[in-house]
Amino acid sequence: AQKITQTQPGMFVQEKEAVTLDCTYDTSDQSYGLFWYKQPSSGEMIFLIYQGSYDEQNATEGRYSLNFQKARKSANLVISASQLGDSAMYFCAMKDGRWAGGTSYGKLTFGQGTILTVHP
Amino acid sequence: ETGVTQTPRHLVMGMTNKKSLKCEQHLGHNAMYWYKQSAKKPLELMFVYNFKEQTENNSVPSRFSPECPNSSHLFLHLHTLQPEDSALYLCASSELSGGDTDTQYFGPGTRLTVL
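Protein chains in written order, with this note's numbering: chain A, 1 to 120; chain B, 121 to 235.
Only chain A is shown next, with the shape it has when bound in the complex (with noise of 0.2 Å):
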């Protein structure tokens, strides 16, 4: 079964500075991908950023980045010159390989969750 554990059930980060939110995983799969999501008060929830798992380099999306070290099934999430506006849960999620008719649809499993503040 697929497992999604998030340890940090809160993080606090001065505005500018960078932070890291972890993130590991369960799986007896050989494929599958990563994915991190921001969900504000609002309710929301954000796609961020994705990591497959037979990607070489780790992936970037604008401040975002994704530190994926697969023999220690972690794929921790960093966020460079925190904002304001960056305050929100933040979900780690898994999508398996689960195929439907030939085609993979992607069920994913999501963590805890972690509630980022960003002092000012």
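Possibly wrong hints are sitting among the right ones.
[Unchecked claim] Cβ-to-Cβ under 7 Å is the rule here; a few derived chain A residues that face chain B:
no., residue
1, GLY43
2, GLU44
3, TYR50
[What the hints assert, rightly or not] Between beta-carbon pairs, the in silico distance windows are:
no., chain 1, residue 1, chain 2, residue 2, range
4, A, SER80, B, ASN137, 41 to 51 Å
5, A, LYS16, B, GLU187, 46 to 56 Å
6, B, LYS142, A, PHE47, 15 to 25 Å
7, B, HIS199, A, GLN83, 25 to 35 Å
8, B, LYS138, A, GLU56, 46 to 56 Å
9, B, ASN137, A, ASN67, 41 to 51 Å
10, B, ASN137, A, THR60, 42 to 52 Å
11, B, PRO128, A, PRO40, 12 to 22 Å
No wet-lab data here; the hints were simulated from the structure.
Glycine included, each C-beta is placed from N, C-alpha and C at the ideal position.
Since the structure of chain A is provided, determine the placement of chain B on it from the hints.
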């Protein structure tokens, strides 16, 4: 409208009411999902529709009834709910490319309160 929209954004209903949640995606995707997010619990997948066909029902009680008339619209019909069904209900969509990505894009959610 762009992305994934959900209506209503907030809903309060009694246990004997019947209501429906609506989701519409404007991304040209062909898979749609319903998730439930309760306080202090991870997101739980409820239903998956793949090209309008239901491909997953994650042991959801029958008081929740999904409907997917086409690849752009998804409904969740609610009847005789319980107070523990109060939660944020999120809709998502993705493009089934057959690859490893299939990123799911979410709507803003409907915050449901059952009295």
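For each hint, the structure was consulted:
1. GLY43: 4 Å, holds
2. GLU44: For GLU44(A), the interface hint holds, since the closest Cβ of chain B sits about 4 Å away, which is under 7 Å.
3. TYR50: Given a least distance of 6 Å, the restraint on TYR50(A) holds.
4. SER80(A) with ASN137(B): 41 to 51 Å: At 48 Å between Cβs, range holds.
5. LYS16(A) with GLU187(B): 46 to 56 Å: Distance hint for LYS16(A), GLU187(B) holds at roughly 48 Å.
6. LYS142(B) with PHE47(A): 15 to 25 Å: 22 Å, holds
7. HIS199(B) with GLN83(A): 25 to 35 Å: 44 Å, violated
8. LYS138(B) with GLU56(A): 46 to 56 Å: 52 Å, holds
9. ASN137(B) with ASN67(A): 41 to 51 Å: 47 Å, holds
10. ASN137(B) with THR60(A): 42 to 52 Å: Taking Cβ atoms as reference, ASN137(B) and THR60(A) lie about 47 Å apart, which means the hint holds.
11. PRO128(B) with PRO40(A): 12 to 22 Å: 19 Å, holds
Violation of the numbered hints given earlier is confined to hint 7; every other hint is satisfied by the structure.
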